[in-house]
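So the sequence lines, in the order shown, correspond to chains A and E. Using numbering that gives the first Met the number 0, you'd call the opening residue of the first sequence number 0 and step up by one each time. Using numbering that gives the first Met the number 0, you'd call the opening residue of the second sequence number 0 and step up by one each time.
Just so you know, the hints here were simulated from the structure itself, not pulled from any lab data. Ideal placement from N, C-alpha and C gives every residue a C-beta, glycine not left out. A portion of the hints provided could be inaccurate.
Claimed, not checked - Take a look, some chain E residues computed to stay more than 12 Å from chain A by CB distance:
1) Glu23
2) Gln37
3) Glu65
4) Glu110
5) Thr209
6) Asp244
7) Asp334
8) Tyr367
To be verified - Which bits of chain A does chain E cover? Going by a derived footprint, with three or more residues having C-beta under 8 Å, they are:
9) 26 to 40
10) 43 to 50
11) 185 to 199
12) 214 to 228
13) 242 to 252
14) 321 to 333
There are 2 protein chains.
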Amino acid sequence: MSDEPRICGIERPGGDSSVGDVREIPTPALVVDVATMQRNIERMAGFFAAGPCRLRPHFKAHKTPEIARRQLVAGSCAGLTCATVSEAEVAASALADQLTEASGDILIANEPVGPGKCERIAKVARDVSVTVAVDSTAGLTALSDAAARAGVTVGVLVDLDVGMGRCGVQLESAVSLGRQVVAAKGLALRGVMGYEGHLVGLTERSERETRARDAMAGLVRTANLFRSDGLPCDVVSAGGTGTYDISGRVDEVTEIQAGSYVLMDSHYGRLDIPFEQAFWVLGTVVSRPEPGRCVTDCGHKSMTKDHGYPFARDVVGAAVVALNDEHATIAVPPDCGLSVGSYVYFQPSHIDPTINLHDVFYALDGDYVVAIWPIAARGYHEHRDVA
Amino acid sequence: MSDEPRICGIERPGGDSSVGDVREIPTPALVVDVATMQRNIERMAGFFAAGPCRLRPHFKAHKTPEIARRQLVAGSCAGLTCATVSEAEVAASALADQLTEASGDILIANEPVGPGKCERIAKVARDVSVTVAVDSTAGLTALSDAAARAGVTVGVLVDLDVGMGRCGVQLESAVSLGRQVVAAKGLALRGVMGYEGHLVGLTERSERETRARDAMAGLVRTANLFRSDGLPCDVVSAGGTGTYDISGRVDEVTEIQAGSYVLMDSHYGRLDIPFEQAFWVLGTVVSRPEPGRCVTDCGHKSMTKDHGYPFARDVVGAAVVALNDEHATIAVPPDCGLSVGSYVYFQPSHIDPTINLHDVFYALDGDYVVAIWPIAARGYHEHRDVA
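Bound-form chain A, shown alone:
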């Protein structure tokens, strides 16, 4: 436990500032096993240590500066990936020391459009180097205007749709958009990006490999079109936790935007990748209405069900059968040993929308709380001075 017992409005019961026990955590709460997380971080950094491709850990998976700091410190990084302007603001403020020439810049791997967003990016660009995905002339123009007004340069990656069918231009329009970036004030074309998000969850490795390589072939072809057109293209950015060792071994892909590997979830846990579950939602049994039923205080306001129900850890034969706002109902064997007041660890099905529901992580060493880490980049509002 931190020397400062009150962080983010949270105070440990009793106000005791010494190291606490997991059983003192007010539930529902997010807990992370620091040693397991650290193994995931080092395993991924080790994979990219050989180069030439580097890792650009995705901040959106945890939104927690302390976790991002450890990812950057572990090395092999090209910088940090963000999904929102808020995340970039927090990263720039809390991780400025780590985001140096050596460990890279911030990439907002997303099209920032709408009131105030480009202006906020231009502000961030005063402190750290920022690169942004662009897939439209309108988006490019707004970013260029804001950067030029602020007297900063913002990097740009042209976003290519590599088959996901969400954002991104088609291959035949990419060069034209790249030329517009080069001609725009305040912008510096850095390369191309393409996220194979429709493939990262495929459980069959052979299918995942074949289709991810095809997707990357389109991205690399675009990079080569840029170069033959005289456009700068140092960065070819792609990938996720499910394809880091596929797309990350394609020649000319320069960086992989993996996020979930650091803490994992049950959805990624189905894949043949060497990362361990490192975070859980901690709940308390609040009701034990019959021998085969147990109700805890963590519902879908504290863990998502968009990839399925969570799993109750360490309770043999248990299965979550309902997840309401503030309750998880578990079918249990009558002799499961759980009673009112018992605590249960849940493995969520999907990390990103789960951590987004919480304000802090309780960092554990075994059963001991060693720190409380603010999930500082939660939400969409403007962040300043997050140090």
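Mind docking chain E on chain A? Use the hints.
Below, chain E alone, put in the same frame as chain A:
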């Protein structure tokens, strides 16, 4: 817009503190049409004005003191319903003036078990009258200990399972638990509670009526068992938005815990109840990769999909086809008029887990932002001095 431009860390772009336009709101954002919400509030208060049953609006649906204040001011209220201790703390702090003898107390319609919860309830009970649901001896004992230590009295409702299969005792155990409450220090038995949550969403009125009346018959039978056993039973609490006009017209049911009616969602919108959709998630079109596809910046980190995809308002022929972390992908007619930078209002499928993702409501009068309302009871940490 408030005179104070920065609320909850949010500042309007440019820092202009005058009344703003909806097009200046940073997206994704929650917006509420104040006039529509006020009609819902008055319509529900009007239904209960005849008595004897009263309304106990559920705070969990919006977690926003300003909305709760308007519900209490509209009258016909027995107090406020909360789902979490955090909600009760915020309500006690921000709504103390409204939570008087006349407009009632706070009911935590949930079993509070786990580190610090009963102690926090005892603290709240110093300022306002609090009643709590209980369904176990262990839960009752912890609450009694905390109340006695703090020198306060906490009200108790025995929670009955009226068929939902979540928390609550069975009818045959209720009197025994009631007797334990009466014998416990620091507790005052007030009555019984039973939530027919498995019925509130049934679209067929005849089925909803028949089954809700059956469920209420069990609850009333329990109340009568209490009375014939000499146990106090002034409160018989039940109901939700889908059953307010069924359970609320059952003799001896004294209050209805409806929440969603105030702002509504598409799930409740399927029912034959006289409430209008009053809130939306506002998004911006960030990508327009092809004539039939539109991508906005509001994904399931800003609106839930647990009751289905949201609906895009005012866009004829549009349908949300994917909802990722930070993106809603909409299939649109090519001539829909949306381009990069356009804004879209989304009607969420489920109110509670959607508002829980946001820090503020932007309150609208037509296209004008007239206030920013903090969603002060979001999260699970201890709240103090929320005034």
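Structure-based check of all given hints:
no. : hint       : result
1   : Glu23      : violated, 5 Å
2   : Gln37      : holds, 25 Å
3   : Glu65      : holds, 18 Å
4   : Glu110     : violated, 4 Å
5   : Thr209     : holds, 23 Å
6   : Asp244     : holds, 23 Å
7   : Asp334     : holds, 18 Å
8   : Tyr367     : holds, 15 Å
9   : 26 to 40   : holds (count 3)
10  : 43 to 50   : violated (count 0)
11  : 185 to 199 : violated (count 1)
12  : 214 to 228 : violated (count 0)
13  : 242 to 252 : violated (count 0)
14  : 321 to 333 : holds (count 6)
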